[in-house]
Amino acid sequence: MADDNVDDVKEEVPEIAPFDPTKKKKKKKVVIQETEDDSVDKVPEKTESLSASDGLEIPFAGLKKKKKKQVETSFLNEESAEAGGEVDDHADEDGEGEEAGQQQQRYPWDGTERDYTYEELLGRVFNILRENNPELAGDRRRTVMRPPQVLREGTKKTVFANFMDLCKSMHRQADHVMAFLLAEMGTSGSLDGQQRLVVKGRFAPKNFEGILRRYINEYVICLGCKSPDTILSKENRLFFLRCEKCGSGRSVAPIKAGFVARVGRRNTGT
Amino acid sequence: MSELDIQIPTTYDPFADGNAEDSGAGSKEYVHIRIQQRNGRKSLTTVQGLKKEFSYSKILKDLKKEFCCNGTVVQDPELGQVIQLQGDQRKNVSAFLTQAGIVKKDNIKIHGF
Ligand SMILES: [Zn+2]
Chain B
1 MADDNVDDVK
11 EEVPEIAPFD
21 PTKKKKKKKV
31 VIQETEDDSV
41 DKVPEKTESL
51 SASDGLEIPF
61 AGLKKKKKKQ
71 VETSFLNEES
81 AEAGGEVDDH
91 ADEDGEGEEA
101 GQQQQRYPWD
111 GTERDYTYEE
121 LLGRVFNILR
131 ENNPELAGDR
141 RRTVMRPPQV
151 LREGTKKTVF
161 ANFMDLCKSM
171 HRQADHVMAF
181 LLAEMGTSGS
191 LDGQQRLVVK
201 GRFAPKNFEG
211 ILRRYINEYV
221 ICLGCKSPDT
231 ILSKENRLFF
241 LRCEKCGSGR
251 SVAPIKAGFV
261 ARVGRRNTGT
Chain S
1 MSELDIQIPT
11 TYDPFADGNA
21 EDSGAGSKEY
31 VHIRIQQRNG
41 RKSLTTVQGL
51 KKEFSYSKIL
61 KDLKKEFCCN
71 GTVVQDPELG
81 QVIQLQGDQR
91 KNVSAFLTQA
101 GIVKKDNIKI
111 HGF
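One line per chain: the protein sequences are B and S, in this order. Anchor point for the first sequence: position 64 equals 64 in the UniProt record's numbering, and the numbering is continuous, going up by one each time. Anchor point for the second sequence: position 53 equals 53 in the UniProt record's numbering, and the numbering is continuous, going up by one each time.
Think of the hints as simulated: they come from the structure by calculation, not from any bench. Be careful, since some hints might not be right.
[Unchecked claim] Capping the alpha-carbon separation at 20 Å, the derived lysine to aspartate or glutamate pairs in EDC-like fashion look like this:
id, chain 1, residue 1, chain 2, residue 2
1, S, Lys-105, B, Glu-218
2, B, Lys-156, B, Asp-110
3, B, Lys-200, S, Asp-88
4, B, Lys-168, B, Asp-192
5, B, Lys-256, S, Glu-66
6, B, Lys-256, S, Glu-53
7, S, Lys-58, S, Asp-76
8, S, Lys-105, S, Asp-88
9, S, Lys-42, B, Glu-218
10, S, Lys-52, S, Asp-106
[What the hints assert, rightly or not] The following label-pair restraints were derived from C-beta to C-beta distances:
id, chain 1, residue 1, chain 2, residue 2, range
11, B, Met-164, S, Gly-80, 46 to 52 Å
12, S, Ser-57, B, Tyr-116, 56 to 62 Å
13, S, Leu-79, B, Arg-202, 23 to 29 Å
14, S, Ser-55, B, Thr-117, 22 to 28 Å
15, S, Asn-107, B, Arg-237, 20 to 26 Å
16, B, Lys-156, S, Cys-69, 39 to 45 Å
17, B, Cys-225, S, Arg-38, 38 to 44 Å
18, B, Gln-173, S, Gly-80, 38 to 44 Å
19, S, Tyr-30, B, Thr-155, 30 to 36 Å
20, S, Pro-77, B, Ile-231, 32 to 38 Å
21, B, Leu-121, S, Gly-80, 51 to 57 Å
Note that the Cβ used here is the ideal one computed from N, Cα and C, for glycine as well.
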């Protein structure tokens, strides 16, 4: 955390930390371009704190996998000794670094006496898994959320243009998502003629993202297997989340707006 | 003899983590800290769900002094007393309440964007 950019430093509560798509990472190996000039030993620390702060598997899109790969390899070329165990010493010869696994010195600990680190072994097992059973290797990122498109309407309203799209990609009722968004933002809003969500107040795209992220954690993701492939149903006044993948279920809290202060009309309280 | 010692770890609750994560239907009484936008860039923070035994006015006084902001206690017909503060004090309030031992960190829910 400490080595992060300014916008990360000022946020201490991970729950409401600002969302920055460039920092989002799924796999340990993803290294962001700007860290390249940083000293290498900071990298594992960074990825760790990131993964700790978000329990969420669904990334908001915009990260191109291919780009990441390139970044990663260039990173490895420079500092082959580190980067969380995904290292191939022959990355520079092979260019891509993906096929390098067949070389004689395929692991960073080859030729040394030291113990393997957990990260290195983890990387190794995932490499093997990717080679043989790609579908098991955690690359199942079929649900990729596009970032919210947010427009200002006048000075006091915000339009969430692709709200419906995002609801559909989460397989949730627009009503439910809307109720959550509005409750969290402490404001009111409605769908307009083009099925866009119009809310009162000014909000940035990252505001919506942060709340959607929490929505997904609470009402979409299966806690057991992290699959977003779930069904939300209402059974005698309680909401239940059932996972399509592993079949587990849990009850989820109903959405409550809670206390909403009366604002406007020049009196804050009373 | 030494076998007796082995029993001690059974006090460890293997499900403790699971329970803590359980966001399920209202098993816990949360203190909700919310933010609301007002006109322009102004906002206000509300704190709902503090135990009734606490003196709201005293807490409010400390909060106001600590964060140098104004605030009131509002009586809500359904939710009881709610503390209202000017500005986005969510992190401040959360830190204050945990530090003062008024609420445990797990029992605080910060809402908003
Ligand atoms: Zn599941």
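Results for each hint:
Pair hint Lys-105(S) plus Glu-218(B) holds up; C-alpha atoms about 18 Å apart against a cutoff of 20 Å. Annotation: proposed proximity of Lys-156(B) to Asp-110(B) is violated, straight-line Cα distance about 62 Å (limit 20 Å). The straight-line distance between the Cα atoms of Lys-200(B) and Asp-88(S) is roughly 18 Å, inside the 20 Å bound, and the hint therefore holds. For the suggested pair Lys-168(B) and Asp-192(B), the alpha carbons sit about 17 Å apart, so the restraint of at most 20 Å is met.
Between Lys-256(B) and Glu-66(S), the direct Cα distance comes to roughly 30 Å. Violation of the 20 Å bound is thereby established for this hinted pair. Our distance criterion of 20 Å between C-alpha atoms is broken by Lys-256(B) and Glu-53(S), whose separation comes to about 24 Å. The hinted pair formed by Lys-58(S) and Asp-76(S) meets the criterion: a straight-line CA distance of about 18 Å does not exceed 20 Å. Only pairs whose Cα atoms come within 20 Å are accepted, and Lys-105(S) paired with Asp-88(S) is accepted, the gap being roughly 19 Å.
At most 20 Å may separate the alpha-carbon atoms for a hinted pair to count; Lys-42(S) and Glu-218(B) exceed this at roughly 29 Å. Between the alpha carbons of Lys-52(S) and Asp-106(S) the distance comes to roughly 19 Å, so the proposed pair stays at or under 20 Å and holds. Under the hint 46 to 52 Å, the C-beta atoms of Met-164(B) and Gly-80(S), about 37 Å apart, miss the expected range. As the Cβ distance of Ser-57(S) to Tyr-116(B) is approximately 60 Å, the hint placing it in 56 to 62 Å holds.
Restraint check, Leu-79(S) to Arg-202(B): a C-beta distance of roughly 27 Å satisfies the suggested window 23 to 29 Å. In this structure, Ser-55(S) and Thr-117(B) break the distance hint of 22 to 28 Å, their C-beta atoms being roughly 53 Å apart. Between Asn-107(S) and Arg-237(B) the Cβ separation comes to about 24 Å, which falls inside the hinted range of 20 to 26 Å. Take Lys-156(B) and Cys-69(S): their Cβ atoms lie about 24 Å apart, and the range 39 to 45 Å is violated.
At roughly 42 Å, the beta carbons of Cys-225(B) and Arg-38(S) sit within the given window of 38 to 44 Å. Our hint of 38 to 44 Å for Gln-173(B) and Gly-80(S) is violated, since their Cβ atoms are close to 31 Å apart. About 34 Å separates the C-beta atoms of Tyr-30(S) and Thr-155(B), a value consistent with the hinted range of 30 to 36 Å. With their beta carbons about 36 Å apart, Pro-77(S) and Ile-231(B) fall inside the hinted range of 32 to 38 Å.
Between Leu-121(B) and Gly-80(S), the C-beta spacing of about 54 Å keeps the proposed range 51 to 57 Å intact.
The structure fails hints 2, 5, 6, 9, 11, 14, 16, 18 (numbered hints given earlier, in ascending order).
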